[in-house]
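Protein chains: 2
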Amino acid sequence: MANQILYLEDLKVGDVFISETYELNANKIKAFAREFDPQDFHSDENLAEHTFFKGLAASGWHTAAVTMRLLTESLPFAHGVIGAGGEIKWPRPTRPNDVLYVKSTIKEIKPSKSKPNQALLFVESKTFNQHNEVCQQLVAKLLSFQKN
Amino acid sequence: MANQILYLEDLKVGDVFISETYELNANKIKAFAREFDPQDFHSDENLAEHTFFKGLAASGWHTAAVTMRLLTESLPFAHGVIGAGGEIKWPRPTRPNDVLYVKSTIKEIKPSKSKPNQALLFVESKTFNQHNEVCQQLVAKLLSFQKN
Chain A
41 MANQILYLED LKVGDVFISE TYELNANKIK AFAREFDPQD FHSDENLAEH
91 TFFKGLAASG WHTAAVTMRL LTESLPFAHG VIGAGGEIKW PRPTRPNDVL
141 YVKSTIKEIK PSKSKPNQAL LFVESKTFNQ HNEVCQQLVA KLLSFQKN
Chain B
41 MANQILYLED LKVGDVFISE TYELNANKIK AFAREFDPQD FHSDENLAEH
91 TFFKGLAASG WHTAAVTMRL LTESLPFAHG VIGAGGEIKW PRPTRPNDVL
141 YVKSTIKEIK PSKSKPNQAL LFVESKTFNQ HNEVCQQLVA KLLSFQKN
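One line per chain: the protein sequences are A and B, in this order. Heads up: the first sequence runs through residues 41 to 188, numbered per the working numbering. Heads up: the second sequence runs through residues 41 to 188, numbered per the working numbering.
Since the hints were made in silico from the structure, they are not lab data. Hints should not be assumed to be uniformly reliable.
As the list claims (entries may be wrong) - No farther apart than 30 Å at their CA atoms in a straight line, the calculated lysine-lysine pairs in the DSS-like style are these:
| no. | chain 1 | residue 1 | chain 2 | residue 2 |
| --- | --- | --- | --- | --- |
| 1 | B | 153 | B | 187 |
| 2 | A | 70 | B | 70 |
| 3 | A | 52 | A | 143 |
| 4 | B | 143 | A | 129 |
| 5 | A | 94 | B | 181 |
| 6 | B | 150 | B | 166 |
| 7 | B | 129 | A | 129 |
What the hints assert, rightly or not - Covered by chain A, per the in silico footprint, the following chain B stretches (three or more residues, Cβ under 8 Å):
| no. | segment |
| --- | --- |
| 8 | 76 to 85 |
| 9 | 105 to 111 |
| 10 | 124 to 131 |
Claimed, not checked - Partial list, derived from the structure: chain A residues whose beta carbon lies under 7 Å from chain B:
| no. | residue |
| --- | --- |
| 11 | 76 |
| 12 | 77 |
| 13 | 92 |
| 14 | 101 |
| 15 | 104 |
| 16 | 108 |
| 17 | 109 |
| 18 | 112 |
| 19 | 119 |
| 20 | 120 |
| 21 | 122 |
| 22 | 123 |
| 23 | 128 |
| 24 | 129 |
| 25 | 130 |
The beta carbon of each residue, even a glycine, is placed where N, CA and C say it ideally should be.
Looking at chain A on its own, in the form it has when it is part of the complex (with noise of 0.2 Å):
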């Protein structure tokens, strides 16, 4: 099924994907950090040692936007990964060299009132470090479209 566009006919509740790795490095980190989260703990590898965080972490809207990009090749949604908001959480910071991966799961399938149709569908997409320890949880309403 790997390059099969999906529609919602042809996606239920349980429905697991597992994304390609991706791996950070502290270029990537602090590059990310400059732009959009200038903080000492995900800018400066030796300031980092002195915060909350104790060493460099990369910031949670970095873990975010990589979690989405591995997402756009993991879920082969008609018409995309078009999503409404969710919930997020960062159990632990993700780190320089951590490789990573996501797997997502169909949570609920949510049938719109006004467009039938379209449904919204709950999908928990857990990012794994390396060491198989979860870094990201988000749990995101993802539109979904019928072919017929």
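Given the coordinates of chain A, assemble chain B onto it according to the supplied hints.
Just chain B, lined up with the frame of chain A:
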């Protein structure tokens, strides 16, 4: 208070923080999309016309990242803006040349059970465009630390 560092004892429910502004443009939207959310509606003006968004729109995670940038400049919390997670909604897309700002309100202060010198702040951050329409609504759980 603009540059004063705020500890837990300085904060109360109802406190409001207004950010500076940040101007998006098509090049920034496409650069973010190429790296993190390579879908037609975020990466190509022409292809975007024929999608759900009917024109180029920023990735929601780009709006979130810009919001974080504005929060780092507008929430002068001691030890930084450190989030454990939150709830996020994108009621409308962010578009090229939108000028964004963020209004943050402390909604709840929840003392930590295990760490008496810490609390979790529930901070609602609404990201507005230049028409005062909400592009993103985030309720983040942020760490706050006592000074004494």
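Quick rundown of the hints versus the structure:
1. Under the criterion of a C-alpha separation no larger than 30 Å, the hint pairing residue 153 of chain B with residue 187 of chain B is consistent with the structure, at around 18 Å.
2. A hinted pair counts as satisfied when its Cα atoms are at most 30 Å apart, and residue 70 of chain A with residue 70 of chain B qualifies at roughly 20 Å.
3. With a C-alpha separation of about 16 Å, the suggested pair residue 52 of chain A and residue 143 of chain A falls inside the 30 Å cut-off, and the hint holds.
4. Among the hinted pairs, residue 143 of chain B with residue 129 of chain A is consistent with the structure: their alpha-carbon atoms are about 22 Å apart, no more than 30 Å.
5. For the suggested pair residue 94 of chain A and residue 181 of chain B, the alpha carbons sit about 20 Å apart, so the restraint of at most 30 Å is met.
6. Of the pairs offered as hints, the one joining residue 150 of chain B and residue 166 of chain B holds, with about 21 Å between alpha carbons and a cut-off of 30 Å not exceeded.
7. With a CA separation close to 15 Å, the supplied pair residue 129 of chain B and residue 129 of chain A stays within the 30 Å bound.
8. Only when three residues or more bring their CB closer than 8 Å to a CB of chain A does the claim for the segment 76 to 85 of chain B stand; here the count is 6, and the claim holds.
9. Three residues within the 8 Å Cβ limit are the bar, and the segment 105 to 111 of chain B against chain A gives 4, so the coverage statement holds.
10. For the segment 124 to 131 of chain B, the stated coverage by chain A is satisfied: 7 residues place a CB nearer than 8 Å to a CB of that chain, which reaches the threshold of 3.
11. The interface hint given for residue 76 of chain A holds, since its Cβ lies 4 Å from the closest Cβ of chain B, which is under the 7 Å cut-off.
12. Contact between residue 77 of chain A and chain B, as hinted, is supported at the beta carbon level, the nearest pair being about 5 Å apart and thus within 7 Å.
13. With a least beta-carbon distance of about 6 Å to chain B, the hint placing residue 92 of chain A at the interface is held under the 7 Å criterion.
14. For residue 101 of chain A, the interface hint holds, the least distance from its beta-carbon to any beta-carbon of chain B being 5 Å, beneath 7 Å.
15. A hinted interface residue such as residue 104 of chain A counts as satisfied when its beta carbon comes closer than 7 Å to some beta carbon of chain B; here the least separation is about 5 Å, so the hint holds.
16. Using the Cβ-Cβ criterion of 7 Å, the hint placing residue 108 of chain A at the interface with chain B is satisfied: the shortest such distance is roughly 5 Å.
17. The interface hint given for residue 109 of chain A is met, as the beta carbon of that residue sits about 5 Å from the closest beta carbon of chain B, less than 7 Å.
18. Checking residue 112 of chain A against chain B: minimum C-beta separation of about 6 Å stays under 7 Å; hint holds.
19. At its closest, the beta carbon of residue 119 of chain A sits 6 Å from a beta carbon of chain B; the interface hint therefore holds under the 7 Å criterion.
20. Satisfaction of the interface hint for residue 120 of chain A is found here, the shortest Cβ-Cβ separation to chain B being roughly 5 Å, below the 7 Å cut-off.
21. A cut of 7 Å between beta carbons decides the hint on residue 122 of chain A: the least distance to chain B is about 6 Å, and the hint holds.
22. At its closest, the beta carbon of residue 123 of chain A sits 6 Å from a beta carbon of chain B; the interface hint therefore holds under the 7 Å criterion.
23. With 7 Å as the threshold, the beta carbon of residue 128 of chain A comes within range of chain B, its nearest partner Cβ sitting at about 5 Å, so the hint holds.
24. The closest approach between the C-beta of residue 129 of chain A and any C-beta of chain B is roughly 4 Å, which is under the 7 Å cut-off, so the hint is satisfied.
25. Interface hint at residue 130 of chain A: satisfied, since its Cβ lies 6 Å from the closest Cβ of chain B, which is below the 7 Å cut-off.
The structure fails none of the hints (numbered hints given earlier).
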